[in-house]
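Peer 1: Residues per chain, in single letters:
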Amino acid sequence: MNHIRVQQEDFDVSAELAQMRLCSKEIGAIACFVGVVRDFNEGTAVATMELEHYPGMTENSIRLIVDEAMQRWQLLGARVIHRIGRLSPSDQIVFVATSSLHRGDAFASCEFIMDYLKTRAPFWKKELSPQGERWVDSRSDDVLAAQRWRD
Amino acid sequence: MIKVLFFARIREQLATTELEIDFLAQTQSIALLRQQLVADRGESWAQVLGAENVIVAVNQTVVSDSHSLSDGDEVAFFPPVTGG
Chain R
1 MNHIRVQQED FDVSAELAQM RLCSKEIGAI ACFVGVVRDF NEGTAVATME
51 LEHYPGMTEN SIRLIVDEAM QRWQLLGARV IHRIGRLSPS DQIVFVATSS
101 LHRGDAFASC EFIMDYLKTR APFWKKELSP QGERWVDSRS DDVLAAQRWR
151 D
Chain H
1001 MIKVLFFARI REQLATTELE IDFLAQTQSI ALLRQQLVAD RGESWAQVLG
1051 AENVIVAVNQ TVVSDSHSLS DGDEVAFFPP VTGG
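Chains R and H are the protein sequences, given in the same order. Position one of the first sequence corresponds to residue 1 (this note's numbering), numbered consecutively onward. Position one of the second sequence corresponds to residue 1001 (this note's numbering), numbered consecutively onward.
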């Protein structure tokens, strides 16, 4: 049972995990990752972030990533939520959870989905601060993190 | 007709979110579509669309410059992604 959402609203991690847990009595492990907006502005002024996406392609690309994870590992379910719109430091931005019989498949697939999402799903972050606006640059570390799953 | 979408930094640099272009012999690949857009819109578009790290998707799948286009395709130009 897979579940993918792109939304402005915040999400409730324990509610999401509870729904996942109740999907199958076979589940023995759920691994979960929550991405949080960092405070990029070192001063005292309030900074926020605007998240743009490509509607349709975003959901499709996440679905393909989840399908690939289901082929690589023995999973009972996967759940991905990504927020869009205006976000502030400490806000939750992304949720990835995978369920399996045992922890190994859940841990590995959760990290895989996150690494691929970072480099393949069409989202773009723009930082907004009193000093102005700035599109966030992609990171070579993220590309390397995704590449190590190729073998 | 080909629908062309622009996202993030590229959308802002071109001040264009979306446009439609007739499907003709001169727009049958991504490379040719890019040439046609530059011919229609001017040299500033050549710099933005010709930048090294521009990603192109056709019908929501990432493709290379040699990809062939068909009438009714949706093409998107965007910078490297930064979600998560």
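Just so you know, these hints were derived from the structure itself, not from any lab. Check before you lean on any hint, since a few could be wrong.
Said to hold, decoys possible - Quick list of the computed label-pair ranges, beta carbon to beta carbon: (1) H:S1029 to R:N60: 19 to 25 Å; (2) H:Q1047 to R:Q7: 32 to 38 Å; (3) H:E1043 to R:H102: 56 to 62 Å; (4) R:S140 to H:S1029: 48 to 54 Å; (5) R:Q7 to H:N1059: 32 to 38 Å; (6) R:Q7 to H:T1017: 41 to 47 Å; (7) R:R139 to H:Q1026: 36 to 42 Å; (8) H:S1029 to R:H102: 45 to 51 Å.
What the hints assert, rightly or not - With the Cβ distance kept under 8 Å, some of the chain H side facing chain R (calculated, not the full set): (9) F1007; (10) Q1060; (11) A1076; (12) G1084.
We put the CB at the ideal spot given by N, CA and C, even for glycine.
Peer 1: Look at each hint and say if it fits the structure.
Peer 2: Consistency of the hints with the structure:
1. H:S1029 to R:N60: 19 to 25 Å: holds (23 Å)
2. H:Q1047 to R:Q7: 32 to 38 Å: holds (35 Å)
3. H:E1043 to R:H102: 56 to 62 Å: Hint holds: Cβ distance 59 Å, inside 56 to 62 Å.
4. R:S140 to H:S1029: 48 to 54 Å: The hinted range 48 to 54 Å is violated for S140 of chain R and S1029 of chain H, with Cβ atoms some 30 Å apart.
5. R:Q7 to H:N1059: 32 to 38 Å: violated (24 Å)
6. R:Q7 to H:T1017: 41 to 47 Å: Given a distance of about 21 Å, which is not inside 41 to 47 Å, the answer is violated.
7. R:R139 to H:Q1026: 36 to 42 Å: holds (37 Å)
8. H:S1029 to R:H102: 45 to 51 Å: Since S1029 of chain H and H102 of chain R have Cβ atoms about 48 Å apart, the given range 45 to 51 Å holds.
9. F1007: Since chain R brings a Cβ to about 6 Å from F1007 of chain H, closer than 8 Å, the hint holds.
10. Q1060: Constraint on Q1060 of chain H satisfied, holds at 4 Å.
11. A1076: Nearest chain R Cβ about 6 Å off; hint holds.
12. G1084: holds (4 Å)
Going through the hint list in order, the structure does not satisfy hints 4, 5, 6.
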